[in-house]
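K.L.:
Single-letter residue listing:
Number of protein chains: 4
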Amino acid sequence: MKFEVLITGGSIRVPPYVAAPYCTVALLSDEKRMVLIEPGSFPAWEALERSFKEKGLKAEDITDLVISHVHMDHIFCSIFFKNAVVHVHEKYIERNYSSFGPIAGLFYPMVLNSWREVHPIKDGDVLFDCVKVFHTPYHSSDHVSLLIQTENMGRVFMPGDICYSRIEYFEYMKGYKKDDVAKFLKTISKDCDWIVFTHDLPMKVVG
Amino acid sequence: MKFEVLITGGSIRVPPYVAAPYCTVALLSDEKRMVLIEPGSFPAWEALERSFKEKGLKAEDITDLVISHVHMDHIFCSIFFKNAVVHVHEKYIERNYSSFGPIAGLFYPMVLNSWREVHPIKDGDVLFDCVKVFHTPYHSSDHVSLLIQTENMGRVFMPGDICYSRIEYFEYMKGYKKDDVAKFLKTISKDCDWIVFTHDLPMKVVG
Amino acid sequence: MKFEVLITGGSIRVPPYVAAPYCTVALLSDEKRMVLIEPGSFPAWEALERSFKEKGLKAEDITDLVISHVHMDHIFCSIFFKNAVVHVHEKYIERNYSSFGPIAGLFYPMVLNSWREVHPIKDGDVLFDCVKVFHTPYHSSDHVSLLIQTENMGRVFMPGDICYSRIEYFEYMKGYKKDDVAKFLKTISKDCDWIVFTHDLPMKVVG
Amino acid sequence: MKFEVLITGGSIRVPPYVAAPYCTVALLSDEKRMVLIEPGSFPAWEALERSFKEKGLKAEDITDLVISHVHMDHIFCSIFFKNAVVHVHEKYIERNYSSFGPIAGLFYPMVLNSWREVHPIKDGDVLFDCVKVFHTPYHSSDHVSLLIQTENMGRVFMPGDICYSRIEYFEYMKGYKKDDVAKFLKTISKDCDWIVFTHDLPMKVVG
Numbered sequence: 003m004k005f006e007v008l009i010t011g012g013s014i015r016v017p018p019y020v021a022a023p024y025c026t027v028a029l030l031s032d033e034k035r036m037v038l039i040e041p042g043s044f045p046a047w048e049a050l051e052r053s054f055k056e057k058g059l060k061a062e063d064i065t066d067l068v069i070s071h072v073h074m075d076h077i078f079c080s081i082f083f084k085n086a087v088v089h090v091h092e093k094y095i096e097r098n099y100s101s102f103g104p105i106a107g108l109f110y111p112m113v114l115n116s117w118r119e120v121h122p123i124k125d126g127d128v129l130f131d132c133v134k135v136f137h138t139p140y141h142s143s144d145h146v147s148l149l150i151q152t153e154n155m156g157r158v159f160m161p162g163d164i165c166y167s168r169i170e171y172f173e174y175m176k177g178y179k180k181d182d183v184a185k186f187l188k189t190i191s192k193d194c195d196w197i198v199f200t201h202d203l204p205m206k207v208v209g
Numbered sequence: 003m004k005f006e007v008l009i010t011g012g013s014i015r016v017p018p019y020v021a022a023p024y025c026t027v028a029l030l031s032d033e034k035r036m037v038l039i040e041p042g043s044f045p046a047w048e049a050l051e052r053s054f055k056e057k058g059l060k061a062e063d064i065t066d067l068v069i070s071h072v073h074m075d076h077i078f079c080s081i082f083f084k085n086a087v088v089h090v091h092e093k094y095i096e097r098n099y100s101s102f103g104p105i106a107g108l109f110y111p112m113v114l115n116s117w118r119e120v121h122p123i124k125d126g127d128v129l130f131d132c133v134k135v136f137h138t139p140y141h142s143s144d145h146v147s148l149l150i151q152t153e154n155m156g157r158v159f160m161p162g163d164i165c166y167s168r169i170e171y172f173e174y175m176k177g178y179k180k181d182d183v184a185k186f187l188k189t190i191s192k193d194c195d196w197i198v199f200t201h202d203l204p205m206k207v208v209g
Numbered sequence: 003m004k005f006e007v008l009i010t011g012g013s014i015r016v017p018p019y020v021a022a023p024y025c026t027v028a029l030l031s032d033e034k035r036m037v038l039i040e041p042g043s044f045p046a047w048e049a050l051e052r053s054f055k056e057k058g059l060k061a062e063d064i065t066d067l068v069i070s071h072v073h074m075d076h077i078f079c080s081i082f083f084k085n086a087v088v089h090v091h092e093k094y095i096e097r098n099y100s101s102f103g104p105i106a107g108l109f110y111p112m113v114l115n116s117w118r119e120v121h122p123i124k125d126g127d128v129l130f131d132c133v134k135v136f137h138t139p140y141h142s143s144d145h146v147s148l149l150i151q152t153e154n155m156g157r158v159f160m161p162g163d164i165c166y167s168r169i170e171y172f173e174y175m176k177g178y179k180k181d182d183v184a185k186f187l188k189t190i191s192k193d194c195d196w197i198v199f200t201h202d203l204p205m206k207v208v209g
Numbered sequence: 003m004k005f006e007v008l009i010t011g012g013s014i015r016v017p018p019y020v021a022a023p024y025c026t027v028a029l030l031s032d033e034k035r036m037v038l039i040e041p042g043s044f045p046a047w048e049a050l051e052r053s054f055k056e057k058g059l060k061a062e063d064i065t066d067l068v069i070s071h072v073h074m075d076h077i078f079c080s081i082f083f084k085n086a087v088v089h090v091h092e093k094y095i096e097r098n099y100s101s102f103g104p105i106a107g108l109f110y111p112m113v114l115n116s117w118r119e120v121h122p123i124k125d126g127d128v129l130f131d132c133v134k135v136f137h138t139p140y141h142s143s144d145h146v147s148l149l150i151q152t153e154n155m156g157r158v159f160m161p162g163d164i165c166y167s168r169i170e171y172f173e174y175m176k177g178y179k180k181d182d183v184a185k186f187l188k189t190i191s192k193d194c195d196w197i198v199f200t201h202d203l204p205m206k207v208v209g
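Chains as they are written, first to last, in the working numbering: chain A, 3 to 209; chain B, 3 to 209; chain C, 3 to 209; chain D, 3 to 209.
The hints are simulated quantities; they were obtained by calculation from the structure and are not laboratory data. Misleading hints may appear alongside valid ones.
If chains are identical, the list can't say which one is meant, so a pair holds when it fits in one copy or spans any two.
What the hints assert, rightly or not - Only pairs whose alpha carbons sit at most 30 Å apart, straight line, appear in this in silico DSS-like list of lysine-lysine:
id	residue 1	residue 2
1	K206	K34
2	K192	K176
3	K55	K93
4	K55	K176
5	K176	K93
6	K55	K192
Only a predicted model underlies this, so the values are computations on that prediction, with no experimental measurement involved.
Whole structure, please, built from the sequences with the hints as guidance.
P.N.:
Here's what the structure looks like:
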């Protein structure tokens, strides 16, 4: 399948007033499927609109959503894709979202209830014959990373929020951090062509 | 009724990537009613949550929403207040929101359809015996400004997005701009104690 | 001369904590001159760095800076261009910058004192045989707008902060505002190919 | 000495356009000294101005600056404090700042050269009889963390950018990360009353 970054993620945090992180959105497509990895969040919804207009895409064309983990900055825009099957780690179901707080306790269920069909995924699964799933519960219990064999960009590694920016990546690669995440990143990095970060520009890996 | 600013509005625009303005949210309340002017937007939803927690408020306690005009940065958080009557200028109904674009055309109807009951308002109306409505169609055709007689802060003027910041206000007062907005602002400013801006800190008016 | 937008301006305001507007930066160049209109501000300094790297430019290559008005979001990055002549409206000298406050009173003089040579400009001046200057004191007393005859983009209109975004522009064109700014914008708009906004994406004018 | 947070740090990143993180600024003072930990960055300079006005402080009153590490979002506002001695880890001198790039290579030296007097610090040092220094080179080679015995807030721990937010802190405390940073954080956390993060709200530690 063909891979393309539609929106480069970023983060806007001005405590205690504004919390508006938003994740990278990529389109993975062939003749049969239009997959969004991931749907993304509110601060970039107008950019998503512009991108869809430019490509002549409609929200109803999206067949699948793949979600790295159930945090609002990754799932919000899923409300627009009514026809999509949502691929998300099976652990997501265990959390009691309605206990999250007076607003969050309404917001999370509202977004989750908008999902037409959920396909629970787990470590080792392969989606669409080209997306390998790794369960990486170092940011949240339901967090997954992805390694995608693409037609046009070689092997694309999407670590998710366990390593969401270039700075973090270099901290790991320089050995400042030496935990399980470090081991995982080093192993997969050796064998990929691009790293697509959730909250930063993609990076070409130079062998 | 008692008036209190819950969230001070602001604006985050990084064209072409991020458009995340968010408006000021105020609570107007007495024994019978809990009114939000206005519900506000996504970038501040966690601040709204914190504010509700601190006050022991639940979303279902809100009886009314007053909306200056139907733009997403003013209406988004209305989706959380299922029991509220929405007070909005009657002109809002005339626009064809579903033609707005591939995402906006879904987003606006989704928010508007979440409103349980709409109370159309017009120039000269008085809400809750203390909120005077002015139709001020200089930012959008359905735009209203408000002048509120409060128990605790005297007369509070909320011009809305026709004059959304202190800088804009001073540009008008200095005479840089001389249009109908200027006349309106000068007339009401003479007779109020506070100006509460949609995207800036409130300002005490010194007679 | 050839005209090129290096950085699209935007604005980040989260009152009372963060005030980080930043203006559009354009390069106007031929064999003799490398002109920045305008130098821009801190939030985009890394983008300026990336742009200079991509073009093989050095800060010392910049021969001239044109400044729409002396506000920090337009002048900050002037500190990097030690060889440049600064073209700014003659009124800028009348303000007492050191009275601005405990930090601003240091900050403005620091930036202004970094200027090697100032060329005061006024209404009707033409710079580099192609940049026409209009004194438009509707945002600050020293504010200018520019109309540039370019080699590659036809006539480029830069109104400055008297009309800094597409939304503002359309408010004027629809007739919501009817002051001197409206008249000026309508007159120049009729006769240009592009409008380059200080805090928004450029817009092609369709005759 | 008395400790007070003047500005709560945050972060604004919209790759590739805007990079505007800004760190927390605290004031540590007694009759003899006015110390800023740390000077902070541009996006919050107007908030710093407001804070100085409210307290009747002048920039020249600041006697000392303590810096966690030499990154622009921590050092920029040092340019305003001409009388201050700058306390920074001795490793900072080893880096060749002028090689950083066409703009950064000018910007870093400009800020560093504005420092009147540098006092190099190292692991184990105690400043002003109350600030204990820990060399924690997990974010940059010159990075330090601080533990401060205050008069008014008990023991205040400032980990710096090795753990800059509450979310990161909880990831460490839950055991998601198990490296040297985790050990350091757990050890010091046991014995402090407040954790003051560089890019988030302070947190009271509940024994």
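K.L.:
If a hint holds in the structure, say so; if it does not, say that too.
P.N.:
Now the hints, each set against the structure:
Proximity of K206 to K34 under the C-alpha cut-off of 30 Å is restricted to the intra-copy arrangement: shortest distance 28 Å within a copy versus 37 Å between copies. Both within a single protomer and between protomers do K192 and K176 lie at most 30 Å apart by alpha-carbon distance, with minima of 15 Å and 29 Å respectively. Proximity of K55 and K93 under a CA criterion of 30 Å is satisfied inter-copy only: 28 Å between copies versus 35 Å inside one chain copy. Taking CA atoms no more than 30 Å apart as the test, K55 paired with K176 passes between copies only; the shortest distance there is 25 Å, against 41 Å inside one copy.
For a Cα distance limit of 30 Å, the shortest separation of K176 from K93 across copies, 17 Å, qualifies, whereas the shortest one inside one copy, 32 Å, does not. Within a single copy, K55 and K192 get their C-alpha atoms only as close as 37 Å, which misses the 30 Å cut-off; across copies the closest is 28 Å, which meets it.
In this structure, every one of the numbered hints holds.
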